[in-house]
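Protein chains in written order, with the working numbering: chain A, 1 to 80; chain B, 1001 to 1679.
Don't read these hints as lab results, they were simulated from the structure.
Note that the structure is predicted; figures quoted are calculated from it, not measured.
Treat the hints with care, as some may be off.
Here are the computed lysine to any residue pairs in the SDA-like style, where the Cα-Cα straight-line distance is at most 20 Å [unchecked claim]:
1. B:K1322 to B:T1587
2. A:K55 to B:R1076
3. A:K55 to B:K1185
4. B:K1185 to B:T1432
5. A:K55 to B:T1432
6. A:K55 to B:F1078
7. B:K1663 to B:A1650
8. A:K55 to B:N1074
9. A:K55 to B:R1071
Stretches of chain B that chain A covers, calculated by requiring three or more beta carbons in the stretch to come under 8 Å of a beta carbon on chain A [claimed, not checked]:
10. 1078-1087
11. 1092-1102
12. 1327-1340
13. 1545-1559
14. 1574-1582
15. 1649-1659
The C-beta atom is built at its ideal place from N, Cα and C for all residues, glycine as well.
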Amino acid sequence: MQGKGAAAGKLVGGAAGPQGNPAVFQRIAAVFRRIAGMPDYEAHLEHLRQHHPEKPIPTRREFYEQFLESRYNGGPTRCC
Amino acid sequence: MSLRNLGWLILALAGAVAWGMLAIHRGETISAGWLVLAAVGTYLIGFRFYSRFLADRVFGLNDRRATPAERLNNGRDFVPTQRWVLFGHHFAAIAGAGPLVGPVLAAQFGYLPGTIWIVFGVVLGGSVQDFIILFGSMRRDGKSLGQMAKEETGPITGLLAMVAVLAIMVILLAVLALVVVNALKDSPWGVFTILCTIPVAILMGFWMKVWRPGRTLEASVFGVALLLLALVGGRYVAQSPTLAPWFTYSGPTIAYGIIAYGFIASVLPVWMLLCPRDYLSTFMKIGTILLLALGIMLVLPPIKLPAVTRFVDGTGPVFAGKLFPFAFITIACGAISGFHALVSSGTTPKMLTRESDARLIGYGGMLMESFVAVMAICAAALLDPGIYFAINAPLSTLGGNVQSAAEVIRQWGFSVTPDQIQSLAASVGEKTLLGRTGGAPSLAVGMAHIFSSAFGTGLMALWYHFAIMFEALFILTTVDTGTRVGRFMLQELAGQVWAPLGRTSWYPSTVLASAVIVAGWGYFLVQGVLDPLGGINSLWPLFGISNQLLASVALCVGTTILIKSGKARFAWVTLLPLAWVVAATFTAGWQKVFADDPRLGFLAHASSVTQQVAAGTMEAARGARLIFNDRLDAVITLAFLIVTLLVLLASTREWMLVLTRRKPAKAQESPFVETAYAG
């Protein structure tokens, strides 16, 4: 079950929905980031372009800082 | 009959045959393969049929309904995520030391009771809990368990749930830290490796924040490589007569070190230490668990532990108490774990792309954790029973040296020679393994057996310390993230008393709240380290009881959701596990407080200490401290029971009001929005 999960994840790529760069390495990197809990920068830019063209585009650094803020300043992220 | 149904029939038969093999082969060795087959067969049947019934008939998951991730997508917490990726993420969030340690401790009853509870408990209980809370939170824009309790049942229930969560967190962090202390005391190799994780994490933190922002994968690969280097380096440290004393510490010293670490990690910016450690532990955890599964399949080790031991009568050395109720609270995570309700109602529901994905993530994710618990049982059960008890019984029972330990264990009916105990310790690079309570060391010995048989013999010591590092790494990650979460909860509660205390960006409030949380779990940790019975005997049941009571709260909330959405005829799916968990946990809680046996009951232990002080066999100051701790543990257990009872009563009242139509059956779901995703 677990093995199948990891393999399928690698093949299908990071975030759902439309995605730009098809480079295999980037996709694998995105899967790893998502499993660790970090959203995909490229996918977010694509989402902003499509749905909120009026909003400012964050730099990679700003995006990372926003993520840290929302992930670790809330409820439990790890169980026993 | 279609080909597909035939496949399920074969699977069901394979699982049934495996259970049959476990039932027949009593008193002789049996391969761990049968355990794994019985578990996996049952999981697949449970997933295919029961979780589909829950998804389609009970919850009515609807892929036309847009999920919070789609409607509220903000690129941070609300992000639609591919379901197998989210499965990995959710699994890494829920699986920690609990499913590894609990089953190892419960192996004192034999391998069969634990396995049955883990496998059937998860299919009918644990997975149902995780699934329904994930479903409820998904329909409510990712609200937390406390918020759902408040909205569906009332503000007092919400507040009770919040206080209960904070109290459980304190006990959880203390007992997990105790597991690490017992694994690392007098072990320079282990201490060196774990200490190295701190500078490695800080280096990764600077990499991801300052040098190459957001490049998680490179930094993690680099971090894991350095960690493995530290593991190999630990051997040289341990063998060097000049370096080894620098890294050899007693239990209390390590405990104070972990307390200081928890405080520092809570007040430092997250990018520096907490976040990179989180990544390291996530990848190490998933990687090692996959490796362990592969190892067990390759080696198929024979199970040497009896199916059922004589200790079901309550006289076991690892922890006191009979099979019922104590097997069912010692194994919390792995069968049903209330703590999961916090993750299932926080991060994960905000990432589901489609409603139907909740079935794989919620129900399936918990099955996977249960499988980890079964592997932990296999790892403990492949040890010679004598060795298992030499590692897991407290030093005070074993008499302090290998000769006395072998004699005590022989009287229990298991044969082990002093030489066997000593040479095993030497082969894993430790001076002694005697009385290393807490489960982690015996699990590491079992894992080292599996790994060295599967992937290269002669590396026993390296694999042992790899396993110790793996466990300590993610326990310490739970300790630092848990301290931080506890700090936020406390600030939220304190902010209602005096507003500035609630400002999480106000540094004095941050330092104060962190200090209070750390002092809370630190107190119980030190109590456990100094406990003459090894600490696990009192703290692990306290943790198990609190975790199962939180599961009761979650199942109450789940039942309320079902009844209020007009699904009362299906309420048995949560009421059934609720009844069992409440019965086991209240019995256990009652016995821990009021039992006459001083090993089992906190109050009986306090009066036995009073007698010892009066008789002059114990000094008064030490006696007073032990008595205070016993009474404190008793009060906390009773407080947990009362809080849960209040939640149960408030929920039952709500159910009755709805069922007798004195209150409308209306749940507080977010309104339906049609999905924009292509079908």
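How the hints compare with the structure:
no.	hint	verdict
1	B:K1322 to B:T1587	11 Å, holds
2	A:K55 to B:R1076	15 Å, holds
3	A:K55 to B:K1185	54 Å, violated
4	B:K1185 to B:T1432	10 Å, holds
5	A:K55 to B:T1432	62 Å, violated
6	A:K55 to B:F1078	17 Å, holds
7	B:K1663 to B:A1650	14 Å, holds
8	A:K55 to B:N1074	11 Å, holds
9	A:K55 to B:R1071	17 Å, holds
10	1078-1087	holds (count 8)
11	1092-1102	holds (count 7)
12	1327-1340	holds (count 5)
13	1545-1559	violated (count 1)
14	1574-1582	violated (count 0)
15	1649-1659	violated (count 0)
Of the hints listed earlier, those the structure fails to meet are numbers 3, 5, 13, 14 and 15, in rising order.
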